[in-house]
Structures are given as structure tokens and as C-alpha cells.
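S.K.: Listed here are the chains, written in short residue letters.
Protein chains: 2
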Amino acid sequence: MRMSKLIGERTKTTPSDAVIKSHKLLLRAGFIKLVANGIWTLAPPAQRISEKIKNIIREEMDAIEGQECLFPVVMPRELWEESGRYSDIKDEMVRLKDRNNRDLVLGMTHEEAAVHFVRDSVKSYNQLPFMIYQIQTKFRDEARSRGGLIRVREFTMKDAYSFHETQSCLEEYYARVYEAYNRIFKRIGLKNFIVVQSDSGMMGGSIAHEYMELTDIGEDSIVLCSNCDYKANMEVAECVKEKPQETKMLGLKEVYTGNAKEIKEVVDFFGDITQKDMLKAVVYNIKGDVEKNIVCFIRGDLEINESKLKVVTNANIVPASLNDSNLIAGNIGPVGLKASEKLEIIYDQSVEGLLNVVVGANKEGYHIANACYGRDFMPTKIYDISKVKDGDKCIRCGSKLYVKKGIEIGNIFQLGTKYTKSMGMTVLNNEGKEITPIMGCYGIGVGRAIAAVAEEYADEKGLLWPKEIAPWLVYICAIRYDNENVMMKSEELYDILTREGIDVLLDDRIASAGFKFADCDLMGIPVRIVISPRSLEKGMVEIQSRDGVLKEEIDFYKCIELIKTYKAN
Amino acid sequence: MRMSKLIGERTKTTPSDAVIKSHKLLLRAGFIKLVANGIWTLAPPAQRISEKIKNIIREEMDAIEGQECLFPVVMPRELWEESGRYSDIKDEMVRLKDRNNRDLVLGMTHEEAAVHFVRDSVKSYNQLPFMIYQIQTKFRDEARSRGGLIRVREFTMKDAYSFHETQSCLEEYYARVYEAYNRIFKRIGLKNFIVVQSDSGMMGGSIAHEYMELTDIGEDSIVLCSNCDYKANMEVAECVKEKPQETKMLGLKEVYTGNAKEIKEVVDFFGDITQKDMLKAVVYNIKGDVEKNIVCFIRGDLEINESKLKVVTNANIVPASLNDSNLIAGNIGPVGLKASEKLEIIYDQSVEGLLNVVVGANKEGYHIANACYGRDFMPTKIYDISKVKDGDKCIRCGSKLYVKKGIEIGNIFQLGTKYTKSMGMTVLNNEGKEITPIMGCYGIGVGRAIAAVAEEYADEKGLLWPKEIAPWLVYICAIRYDNENVMMKSEELYDILTREGIDVLLDDRIASAGFKFADCDLMGIPVRIVISPRSLEKGMVEIQSRDGVLKEEIDFYKCIELIKTYKAN
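Chains A and B are the protein sequences, given in the same order. Taking the working numbering, the leading residue of the first sequence gets 1, the next gets one more, and so forth. Taking the working numbering, the leading residue of the second sequence gets 1001, the next gets one more, and so forth.
Derived by calculation from the structure, the hints in this document are not laboratory data. Cβ atoms here follow ideal geometry from the backbone N, Cα and C, with glycine treated the same way. Don't take every hint at face value.
[What the hints assert, rightly or not] Taking CB as the label site, the calculated pair distances span:
#: 1; chain 1: A; residue 1: GLU242; chain 2: B; residue 2: THR1498; range: 54 to 62 Å
#: 2; chain 1: B; residue 1: ARG1002; chain 2: A; residue 2: LYS393; range: 44 to 52 Å
#: 3; chain 1: A; residue 1: THR11; chain 2: B; residue 2: GLY1432; range: 20 to 28 Å
#: 4; chain 1: A; residue 1: ASP216; chain 2: B; residue 2: LYS1123; range: 34 to 42 Å
[Claimed, not checked] Think about it this way: if two alpha-carbon atoms lie no more than 30 Å apart in a straight line, the pair counts; the simulated DSS-like pairs of lysine-lysine are:
#: 5; chain 1: A; residue 1: LYS5; chain 2: B; residue 2: LYS1567
#: 6; chain 1: A; residue 1: LYS5; chain 2: A; residue 2: LYS467
#: 7; chain 1: A; residue 1: LYS54; chain 2: B; residue 2: LYS1054
#: 8; chain 1: B; residue 1: LYS1097; chain 2: A; residue 2: LYS287
#: 9; chain 1: B; residue 1: LYS1567; chain 2: A; residue 2: LYS52
[Said to hold, decoys possible] Where chain B lies over chain A, by a calculated footprint (3+ residues, C-beta under 8 Å):
#: 10; segment: 69 to 75
#: 11; segment: 120 to 129
So here's chain A without its partners, still in its complex pose (with noise of 0.2 Å):
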């Protein structure tokens, strides 16, 4: 490729919206360009990353046995219903209607395409295990589209889905498919990246695991342990639970608080407790379903974690407003509040054996002081919905836990039955009896993984590519291009190194060596080849890799072979 003909605008300005650096550079690099909101198009080297980064995606899956198929972008209602999906997911899907008024949805992953596949085809036990996976243009309708290609709407994703007999076949399958994801960070060139348990979210199923790029950009929050190997999405994480003290049980105590509401503001109004001597109430509706509330109480200084709470409760909640409830803000407590139709009680396993704590009074300006677990309260329900937070214990070997942020780079799931049972996939055994296939399912998204490439690599000069999936491995600067002997030989070595199979850009344009190196170097092209009429006239060039392996005057002819050897290393 010549660089005077490369489509991609190359700027020294930050576009003002973009704050992470993935997305500054890429976008500064000409490498994406936005046209709508979690919309891109990619233009020529993103196009090309993206390419070799798909590669190494079907290597490694054709590696598991994995059988490469194209699944629909756009799927019919009906097939969504099977699964009870087309309602269960809201906003983030799209529907659409055909001329015929058919309605239609744009798939977000492609379970009930993959069951509906092989239902009819599949029908004994020794077909199974099998595996299928596209990569395919999927499209979801995020609410905060960000960071470039961090989170988008539209994007390129590796979707498989495994079907196994049992379910250790399938932990078996699991195994082998969380090895390969490792392979295939690892190949793309990720160093910063992690496996996390996670929650399976709208998938359905139970064990997953997250790959996750950690960077301080991340969306997501890691809980890791300090000492052993324990590391989980947040969503998930679980420490140990401290025990309250024993102590003497005190008295009920009405106390006017006036407008004392939120938890900082009552323990400064009594003075002599802490947040851990408080309970907090947060209040939460089922989506779509106002009329009925979810109070959660939970130790004062802990944070409910939404996620353990919607598995808990099995429903889509989001925070409550309470205008319509019984329920007065900054003074619910657990002392006499009844559960009903309309208000459902959960408290967090904090909660438990705590005395003599400050609650809410049900009334307006008013806590209880004193009250204890057991005698003033007695939950029904009690989980754990809170979040772990840095310091907090680890729940395998007690050492200390800390907190960092990442960004989901993979995913993988061991879904169990929830699509083949409800569209109903069954085989036969060997003992000729019906049974329900297993399923796993295992993502990447091709577009995050260059964001996290470029988040991970890109330094003050701009983007840097592992070589592996650099758009082009080489590129050759040729100053002063106007002179002849210049033009000659970077010709030629443009020609030799593109037919040895190796990527290279050919700097071709009248322009500064300064501008050019700035170019390569906001690219992230990993070796750069400077060719001028001084070093020509010693039949020399200057080769240089941005890894710092290569930085060296060699002979012209020479650096042919040494190229090669670093791209074989």
C-alpha cells in the first residue's frame, strides 16, 4: 500500500469527545470514523487488524473442532419467541417490520439461530459434542455508546455454541475453549488480560467466565485477591462476611432527625456512630412494574450490588422512584414494615446479628436508634446482594481483596438447557431415550479487542501493533522521494518485501522526514525503513523497530532477510 493513496485522514488534534486513548489515536490515526452514535465504519489498516485479528480467532477455533457457519443477521420474530427472549430483552434489541409488516429483530447473539441450525439435523448422541461459530455483524442498541470502540451499537463478533450429552462433556468442551481464548489474547498480542468468574446475565445458564483486559479505562470492576488465585467480575464477587460483635441489646429509641435523610447525614446528626451501626434502605421497582416496590436493607457502609439483586429476584430492576408508595424516603426501616403484594423485603446477609443499630422510623423525620436483629426485625429473606469492596476478605484464603477496573474482552458460558429445552432440541441416547442437548456459548467482540490492543500498546507517539496484527508489519520511509535513486530503491524494496508475503507501506508522498516519521509512528507500523539519498550512498538504510529490537544502519539487501527474521520471532 502507498501512502499517497491511503484513505484514512492522519490529524494532530484530539477530537474533543474522545477521552481514552484508544479511541484519541485511533481516530487521530484515521482508523475509524464515526457515523452514528456506536456506528463505524473502519477504514483501511482497522479493516486490516481486524482481518488477521479474525484469522487467528478461526485458527484457534477450527483447532476445538469448531465448524465455521454464517448465521443471519436479521431473524423472525417467531424464532426469538421459542426461546421467550423476543420479551425478556428490552431496549437493547432492535425490531423491525418487513414490507409484509413481519416483525423482525436484528440478532444481538445468535442462541436461538444456532438451535434452530442443528434441531432438526442432530439427532443422535453420537453426533454430539459439536461446536458452530460465525463472525458475523451483530448490533446492539446500547444506551451509552463510548470510548470509540470500546462500546458500540454495531460490531463484529465470534459467536460459538457447543452441544454436548452431559454435563461434564460439556465442562470438558468449557476447558478446552478457555484455553483457547487464552491463546488467542495471548496471540493478538494482549498481555493485561485476565480470567474472571461473571454473571451470565441474559444469556441465562450458570458458570461463565470473563476475559478482561485490565486498564484504569475499564468499565467493568475485577475483585482480585491478594494472595490466592480468586479473581471475579464484581458482579459477582463475594467476600467474607464480617460477624458483628456481641453485645448488650439496648432499648428502643424514637429519635426526631429532621431532615436527616441520607446515611452520612444521620450519623453526623447522632455523633457517635458509624456508617456500620446504620441500616440502609434502597428501594428498587421491576422494570415495567411501578406499582410494586423492593426494599433491600443492607449494613450502612456496604453498596448493593444490582446485579446479585436481579439474580435474586430474578427480574429486571432498576431504582424506584416513590412518589406513588407508602414508603418515605430517608426513613425506611425495617422495624414494622410488613411485606405485602405491593412491597417485597430483602435484606443483605450484612444485616445478620447486627444490634443496636440506627433505622429508619417510617416516618417522616424520624430513626429508630437500638434497633437489633432478631428482636426488632427478622428477615424472611436474606441473601447476599452487596458489593465487595477493596480491603474486604477473600472468601477462599481470607487475604486482603482489591478492586480494579477492565474491560470485557471474551466471554464464555456454559449455558445448560435454557435454549435447547425451550425450543425443543432433543437426541437420542445411547439407550434410545430422549434427552435435552447441554449448550456453552463463547464470544469475542473483534472491534474491543483492537481497542484493548491500542490500549494496551499505544504510547506518546501514537498506536503500536503487536506484529501479529499490525495492518502492515514494515514501513518504508522514503525521504526525499522525488530523487531518483530514493524512488528506485524503495521501490524495489517495496516489491521485494511484498512478494516475500510481508505487509508494507510505502511511504510515497513529497513531504518532511519529520512528517513521515510522525505518520509511521501515529500508525503504530512496528518497524519503520528509512530510506535517503546519505544512506543510499552507502548503500545503506536505516531500519528501525518501535519494540527497540531492531535499530540499526544495514546494508540495503540485508535488511531483506533480517525483516523475515522478525516476523518469524
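Put chain B on the given structure of chain A with help from the hints.
M.R.: Below, chain B alone, put in the same frame as chain A:
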């Protein structure tokens, strides 16, 4: 790949709704599965063929300096409003809304996206010419999807867009694409294709060509000259217009013709005339505007070419219902008929000079005899709006034309400035003056190409793939796979060939030879190697190719070289 695990059901019975060869066989061989009307899942073998075709396309596009990008499937309404196509294209385009009620469309082609992508970064004539392309999923809401992969709603398409400073530069590049397309279709194995002039339809622009696979199941009509090189899609095909014989004008005569309304009925009524002695009237509306009628007069033996009429009227015309007009169906004639705001009158060139013809009297039950061009009716709008028919004379050489059926497998358009102008793209020329780049666009449907190859190659046994795109080149038929020697040798050969980079399908099922041969033939694998206990006793295998080139018993190890040679030639 192992047949025991390959997903996709092979059946002996032909689905009743499949009428054409490729549709039947792709279904029977388990290559495709219907998800909804015109929407398919590609099973692994079809996906493999698709990837091979995509790679051939990529190589040829890159060879003419194409730069691969990726435009989005989902685009904002505003982008399509810039070009005017948001309103110009009707039901074929699917419109949808996102969670914020913003209008989006599913891309049918990507001229808008291409211009949007480059208009900010391409600013100077010396960045021209260039070509960008993508291979991406598209959706067109076809009213009548049919024939398996022949006419679908969702499909994978390679679409390319070139940008030029001058028309001559476009023409030069267009010629290169023309040749690249010939190479692509030859490489995927097609032999029965031709290139014809065509209508540029909803793309806009003037000069256009279609690549047509000649086949009886085609839905397009192609006009070919029996002598010279003239070839054109029926939509734009022209022929020599016969001059009417000179004769004496007779007196106008109103005749009561009662219920004789159709041309044939009126000819029968008069008895002494032929269809050529009549004028036929055909009425259209502009779609969405039922108020206005367009009456077309044409010689009675000819048919209106609606594509030409659309170009002439520059409108989306549809056959009219006459309920709301003063026109009398079956009795419409030019004598005394006045054009108005609600009535446009257009004549085909065949009407020119006609004397003493029978025409409608614009009066229920009456016709007029002896109407004469120039005396009784004098066209102001006269165009070529007729269809060429078998036996018409070539406009180039005067020889006989004939009409064949074909399916479009690719198209190339000289777009002109329709999109760059409407979307405000300009570059500075070498005098520093703003000019509007001229575009070309170039499409190939990947699924359609698969179907075309299937149509051309399939025989009574099943599909038959040319080796460059075959999903697998070799099918190892292990006869008695439960025999230890057979299993060992089959697996050995499978491993060796796979390592040699040859795509192999190993039939490792416990099944009869006939069953395996039938599957191999149905799936269209080019080379079959039979490994049986009997042949192995002699250290031999049987090798046979569907094209008849290979057919021998050969030493086990020698067959590897033979296959490598076969593949390379």
C-alpha cells in the same frame, strides 16, 4: 473435517417448494437452511465455499489497488437523506428506529457510506483515483425471494466504490474492474457467463454492465446478436425499428366493437388485420400518485419495456388501475386524447409513420379504423419504450437477435456525480479549483455466485464444485472404518493431506460404501479416495475425480503426490 461430526442433514427427498437445481441440491446436501423468507443460515460447507470466493474477490480487488474497509449495516436516516435515496427507495429498504426513536436503515448498498467516509479526508486531486471496497452483509426486502440463494433478502456482498477526477479516468478504471470481474468469475469456475449492457436502476448513473450467468432458470432476459458482439439486458436492449410500409391514407371510421377489448379480440373482430395493424394502449401511474395516469401507445404486436419507461419518465411507474380516471379500459386511443396535468401521453417509436391502424375510440365499446400518424394523432413525446423480441434486428449489424435467460452475478456502474454532488464532496484540482469527483460502483453477491456455480456444475448425482472453491478437495471414503487397518490408514492419509494444506473430509462413519459414495457425490467433493480392506491388502487406494481426470488404483503413498499435482493444475 470428519463426516461423523459435520453439521447438516443430507436427504434423498427433494423439498417440495424447491424447483430449481441449485436450490434443491443445496438443501438436499445440507448446505443451507431457511430461517425466514429469503433469509438463510449457511451450513459449514457453504460457509467454506463463501470464504473461498471472498478470498478470490479480495485478491482481485487488491490487485487493482482496492482498499478494503468495513461500512456499517445499520445507518442513520440523515445519511440517506443527503443522497435523496431515503425517500426514493421504497419498500425494498428496511427502516427501523432505535431506543431513542431515531430513524435508521439497513444498508442495501453503501454509496452514501462510502462518500461519507472519504469526503472529509480526500481533499486534493492527487489523492484520486482510488477505490474502496467492503465485503459485508446487506438486506433488501425483496417482494419475491425465491430459488434458494438466487434471490434472497439478506446476503453477503462485495461492494466497491471508485473516485475519479475525470470521466476518462473513470472509464479507464472501469475497464480494469471489467477485467478483474472476468477473472473473478473464471476463477470461481463459471464458464457460461457473459457481460451485457444494463440499466443502472436505483444506483443512478449512465453506463452500466451486468455479468450474467446464462441459465434457463434465470429471471433476467438477455438479448444477444446471432452475428456480432452485441449483448444487452432486455431492460436496455435496442433493435432496428421497422419502417411502416407506405400506403394511401383511408378515411377514419368509428366501429362498434362491443366487448372486444384485448388486442387479440379486436384483431379477431376485424378479421382482416394483424396485431401490427393496431395501436396498443398501456396505462401506468407513478407509484404513490394514483391521480395521474401515463398512457403509452405502442404498435399492437410489441410490449412495453417498463425499465426504459422508468428512465424516460424518471419515475417509479407501476401498472395503473383505471377506476378513478376517465380512461376506458380496452377502448383507449390517441385520436382526440388530450394530455393534461392528470394525463401524460407517451408514444413508442414503433408508432412513427403508422397509417390506417385500428385504435381505441375513447368511447365504451368502440374502436376507430384507419387512424393515421400525422393526420389523426401527432405525438409530442416519442421514445424507445418497447421490448426487443426474438428475431428483431441488431442495432449494430442488422443480424437477427435472440433472447436468453440469465441470472445477474455481478454489476458495474459508472455512477457519475449523483452521490458526490448531493453529498457535497469536492476536491481541489491542480488549478486549485473545487471539482466534484466522479464515481464508479461495483458489486458481486457471494451467495448468488455460489448458486450460479451450483447451477452450472451440478449433475444427476448432486452438486459438483470446481476445485478452487470446493468446500473440501478430497473425500476419503473409508469402507469398513471399523476395520483397524482401514481406520489407521484413513487417519494417516487424512493427517498427511491436511498437513499438506489440502482440505479433506474423512468419512469415518460406520456405513455402507454406497451410502458414503452417495453423500460424497451429493456434496460435490471433486476427488474421492476409497480406502477398503481389499485395496489395502495390495497397498493401494482407489482415486477418482468427478471431472473424469483422475480414475485409477494407485499406491497409497503415491496418491498424495497425485492429489497435489491435481490441485495445482
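S.K.: Taking the hints in turn, state whether each one holds.
M.R.: Results of checking the hints against the structure:
Between GLU242 (chain A) and THR1498 (chain B), the C-beta spacing of about 58 Å keeps the proposed range 54 to 62 Å intact. Checked against the hint of 44 to 52 Å, the pair ARG1002 (chain B) and LYS393 (chain A) passes, with Cβ atoms roughly 50 Å apart. Distance hint for THR11 (chain A) and GLY1432 (chain B): a CB-CB separation of about 22 Å, consistent with the stated range 20 to 28 Å. Checking the proposed 34 to 42 Å range against ASP216 (chain A) and LYS1123 (chain B) shows it holds: the Cβ atoms sit about 37 Å from each other.
A threshold of 30 Å between alpha carbons decides the hint, and for LYS5 (chain A) with LYS1567 (chain B) the separation of about 37 Å lies outside it, so the pair is violated. Proximity of LYS5 (chain A) to LYS467 (chain A) is assessed by CA-CA distance (about 23 Å); at most 30 Å being required, the pair is judged to hold. Proximity of LYS54 (chain A) to LYS1054 (chain B) is assessed by CA-CA distance (about 14 Å); at most 30 Å being required, the pair is judged to hold. Distance restraint check for LYS1097 (chain B) and LYS287 (chain A): the Cα-Cα separation of roughly 21 Å lies within the 30 Å cut-off, and the hinted pair is therefore satisfied.
At most 30 Å may separate the alpha-carbon atoms for a hinted pair to count; LYS1567 (chain B) and LYS52 (chain A) meet this at roughly 26 Å. Counting residues of the segment 69 to 75 of chain A whose CB lies closer than 8 Å to any CB of chain B gives 7, which reaches the minimum of 3, so the coverage claim holds. Counting residues of the segment 120 to 129 of chain A whose C-beta sits closer than 8 Å to any C-beta of chain B gives 5, which meets the bar of three, so the coverage hint holds.
The structure fails to meet hint 5 from the earlier list, while all remaining hints are met.
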